[in-house]
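Number of protein chains: 2
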Amino acid sequence: MSIFEKVHELAVIRASAEVIGWDQETYLPVAAHAYRARQLAWLSSQAHQLATSEAWKKDLEIAESSDLANDPKLTANLRELRREFDRATKLPVELIARDSMASSLAKHAWADARARSDFSSFAPHLETLLEIAREKADLWGYSGEPYDALLEGYERGTSTATVARLFDTMRPAVRKIAAHAVEISSSYAPGLPDGPYPVAAQQLFNAKVAEAIGFDFNAGRIDTTTHPFCTTLGPRDVRLTTRYMESDFTSSLFGVLHEAGHGLYEQGLPAVDFGLPSGSAVSLGIHESQSRLWENHVGRSRTFWEKWYPVAQESFPQLAGFPLENFLRYLWRAEFSPIRVEADEATYDLHILLRFEIERQMLNGGLSVADVPAMWNENFRELFGFAPPDDRHGCLQDIHWSMGGLGYFATYTLGNINSAQLFAAARKDPSIATSIDQANYLPLLGWLRKSVHAHGATLDPPELIRQATGSLPSTEAYLSHLKSRYIS
Amino acid sequence: MSIFEKVHELAVIRASAEVIGWDQETYLPVAAHAYRARQLAWLSSQAHQLATSEAWKKDLEIAESSDLANDPKLTANLRELRREFDRATKLPVELIARDSMASSLAKHAWADARARSDFSSFAPHLETLLEIAREKADLWGYSGEPYDALLEGYERGTSTATVARLFDTMRPAVRKIAAHAVEISSSYAPGLPDGPYPVAAQQLFNAKVAEAIGFDFNAGRIDTTTHPFCTTLGPRDVRLTTRYMESDFTSSLFGVLHEAGHGLYEQGLPAVDFGLPSGSAVSLGIHESQSRLWENHVGRSRTFWEKWYPVAQESFPQLAGFPLENFLRYLWRAEFSPIRVEADEATYDLHILLRFEIERQMLNGGLSVADVPAMWNENFRELFGFAPPDDRHGCLQDIHWSMGGLGYFATYTLGNINSAQLFAAARKDPSIATSIDQANYLPLLGWLRKSVHAHGATLDPPELIRQATGSLPSTEAYLSHLKSRYIS
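In the order they appear, the protein sequences are chains A and B. Residue 26 in the numbering used here sits at position 26 of the first sequence, with consecutive numbering throughout. Residue 415 in the numbering used here sits at position 415 of the second sequence, with consecutive numbering throughout.
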């Protein structure tokens, strides 16, 4: 078996785990959860064994030393396979097991600590997870600081210093825009007409929208879960989920637009290369750029609703007397909330800037775990003007750390930055700009397919953005988007 | 790893394949089918490798030679594991590959031949499949005739001669009852009031019925497919499917009752022994006895509808003016159809008797493939009084042979026989009989749990029936059931 046959086998195993994981979130009977975990554990151990085996290593070496390495796609695939192999094999089995055990305990401790708003009972777990994260960072290696090694797993080719520079540039502007947006909102924010917005009508409306922006229902579906997500079960099998509130049809719709953004990326990856780097998404920040682009730049735009609001009014008769202008105000409402997952477009990044700074200092040893709540509250007050009422609404709110997901949060704001830069670059093509202004998004999708999706993971994210937009990631387009939406 | 750890691992792999197979039939996007086949092939090859490995053999031998073999459940498990291992390893890899290739080609050829009603284009495939079936039979070994070795895979401990004796006994009586039922039906068979019977209302009604007969929705679900089935994705995860006709709510309901019968069996198997023989269904004939019992003995009975018809009338207002007596006549309507899957309870077995005889003679070499259509039509005319209009409605109608499923059909009628014998035995307990007469079926389910489900596959089907009912399988209870329903 060549390395490529092995990669295809690995993809089959991983895709099988995705099917089982998807079913777990959508349709699994309650009593079936325990056994399902065994199935996922078995598949994941098969995948790990294969991808870190001596045979894998040998086949990779054979391919690396072959003449075929002149082909640029092949070269990129071998480079990325090598990177993944080295990263996977640098950690000893003992550490992986310790990590998995620690996160499992930490997840339970976190849920309990959050419920009781008691940081001190979570603190020793966070301490352990930080130690493990630093151990991993040391084994993986880094040139700047430990955060670099963790970030590399989510956003390769991007240094912590680069992220910090981007975030520092945008901080004052985002604070100002957010404050302005919240102020306007508090002076005039019309409520959506009362529900019920029947679930069946929402599903029909969402499907129409998803289809119109190019989501291929022959190669995907939308199902229902508590927490919306997008997962890929095979080269032509992309599953989105959303949740429904009968009081507000926009909740499920924006869930669908966000997840469809992820889904369009997955559907746009070269299907023949499924499982290879050239057929895989490159990073969380690029993935998020796609979801945010469709959710915010398309789905929250005036032109989008000039086309779709009449359709919504047909689907939901209570909207008949509610003018488009009011609806747009409703969509663009902004509020300072202590909770990240409830944050709107105008205030979201402030939550990320806060987390990035704290994580970075924790990892560098400049912030002790015991001091996290105080620093959280102080920095939060600086950004938002008030302190969270308690740790449950503060430093205990997110699940990420308890899962060992350190170095992850930054990619949300990188996604926002990239989304704006890509959207602005696409609009430079006059025919794409014209189509967008007519709420026809297929030419935009075509541009994304060509400029982003087609590359898979063959380019590092900054280089991908540079080739697509003409410059490395910068905050310019994003800040100008936020200003024009919330200040103009 | 002991043999039991290996068995549990095998169960995890097989259950994973069931998840993926279930998704394939229920929710898979159309473009995703090709890749799904690769996932199933990988899992099935992993399962096969494990279950036929040298390590498996050694661990089985270690367990067989251990002292633990005094425990009766353990003894039974080791005996059945040995039987499965020997059966799986008696076939050379070359034959398994040839078989799989031949069935794959035959399935396509059959679909095409059936569409064109052209037996001659399917004949060479059937010839190949018969040769392979005989090869397999020779390798597995048999004392009577080749059909024995095939039947053993579906209905162990049951000889072809025994089946033939049972079928010969019932043939004249079933013909007479069927003819009578068809005659009565043609003189008076009221049509169901016009639809639509809305799908949502059917789903609600079916779920109520399934729950009332004891199906545990915490450990199972009902979804929608073209061909109803029941599959088990884990020890507490049983999935039923049905299909909906807006013109007739009884179609989905009887799909659910039939599949829930299978599902109650699966839910009643000892969950701690999942994957072991003691936690597995024993045979197709016993499985079918459970589905037929709930479908026909419970679901088509007068007492069942005395309770449920008022509920149906509330769910479907058009039933308001349609009396229960007419509804029961509608349920008990009988008709001679050339197509097995459209056959009713009164005429179903005639289709099976026909197939059993032809299969048996084909395998024994007493009937050449070229003569199948003529023999089919002649025997069909003898049983039904008319010949099928063409081979598409005759010997080409079923998929089974094209999948290499020779020796399978007999288990449908064995299931009918067993269902009646079990139901009659349960009714011998006066308190169970009283409950049944009040349309309370939980005591009946309790009896089936104890007498059938709890044994898993530790007893051969005939012995299971003997212990549960006091005598080996015989046609008495079944014929008496048919008579009382269709002649009295």
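Hints are computed from structural coordinates only; laboratory data are not their basis. Where hints are given, some of them may not hold.
Label-pair restraints from in silico Cβ distances [claimed, not checked]:
1) A/Glu-314 <-> B/Pro-193: 31 to 39 Å
2) B/Glu-463 <-> A/Ala-41: 57 to 65 Å
3) A/Glu-314 <-> B/Glu-246: 50 to 58 Å
4) A/Glu-5 <-> B/Ser-117: 55 to 63 Å
5) B/Glu-5 <-> A/Gly-141: 46 to 54 Å
6) A/Asp-194 <-> B/Asn-218: 46 to 54 Å
7) A/Pro-193 <-> B/Asn-218: 34 to 42 Å
8) A/Gly-141 <-> B/Ser-45: 34 to 42 Å
9) A/Arg-83 <-> B/Asn-218: 43 to 51 Å
10) B/Glu-246 <-> A/Asp-194: 31 to 39 Å
11) A/Glu-5 <-> B/Lys-90: 52 to 60 Å
12) A/Val-93 <-> B/Ser-45: 47 to 55 Å
These stretches of chain A come out as covered by chain B in the derived footprint (C-beta under 8 Å, 3 or more residues) [unchecked claim]:
13) 4-14
14) 212-220
Here's a subset of chain A near chain B, in silico, CB distances under 10 Å, partners left out [as the list claims (entries may be wrong)]:
15) Ala-34
16) Leu-40
17) Leu-43
18) Arg-236
19) Tyr-309
20) Pro-310
No residue lacks a Cβ here, since even glycine has one placed at the ideal position from N, Cα and C.
Verification of the supplied hints:
1. A/Glu-314 <-> B/Pro-193: 31 to 39 Å: This hint holds: roughly 34 Å between Cβ atoms.
2. B/Glu-463 <-> A/Ala-41: 57 to 65 Å: violated, 38 Å
3. A/Glu-314 <-> B/Glu-246: 50 to 58 Å: violated, 25 Å
4. A/Glu-5 <-> B/Ser-117: 55 to 63 Å: Taking Cβ atoms as reference, A/Glu-5 and B/Ser-117 lie about 43 Å apart, which means the hint is violated.
5. B/Glu-5 <-> A/Gly-141: 46 to 54 Å: For B/Glu-5 and A/Gly-141 the Cβ distance comes to about 38 Å; the hint is violated.
6. A/Asp-194 <-> B/Asn-218: 46 to 54 Å: Since the Cβ atoms of A/Asp-194 and B/Asn-218 sit about 35 Å apart, the hinted range of 46 to 54 Å is violated.
7. A/Pro-193 <-> B/Asn-218: 34 to 42 Å: Given range 34 to 42 Å: holds, Cβ gap about 38 Å.
8. A/Gly-141 <-> B/Ser-45: 34 to 42 Å: holds, 38 Å
9. A/Arg-83 <-> B/Asn-218: 43 to 51 Å: For A/Arg-83 and B/Asn-218 the Cβ distance comes to about 45 Å; the hint holds.
10. B/Glu-246 <-> A/Asp-194: 31 to 39 Å: Distance hint for B/Glu-246, A/Asp-194 holds at roughly 33 Å.
11. A/Glu-5 <-> B/Lys-90: 52 to 60 Å: About 30 Å separates the Cβ atoms of A/Glu-5 and B/Lys-90, which means 52 to 60 Å is violated.
12. A/Val-93 <-> B/Ser-45: 47 to 55 Å: Between A/Val-93 and B/Ser-45, where Cβ atoms are some 26 Å apart, the hint is violated.
13. 4-14: holds (count 3)
14. 212-220: holds (count 5)
15. Ala-34: holds, 8 Å
16. Leu-40: Holds: closest Cβ of chain B sits about 9 Å from A/Leu-40, inside 10 Å.
17. Leu-43: holds, 7 Å
18. Arg-236: holds, 4 Å
19. Tyr-309: violated, 29 Å
20. Pro-310: violated, 28 Å
The structure is inconsistent with the numbered hints 2, 3, 4, 5, 6, 11, 12, 19, 20, although it conforms to all the rest.
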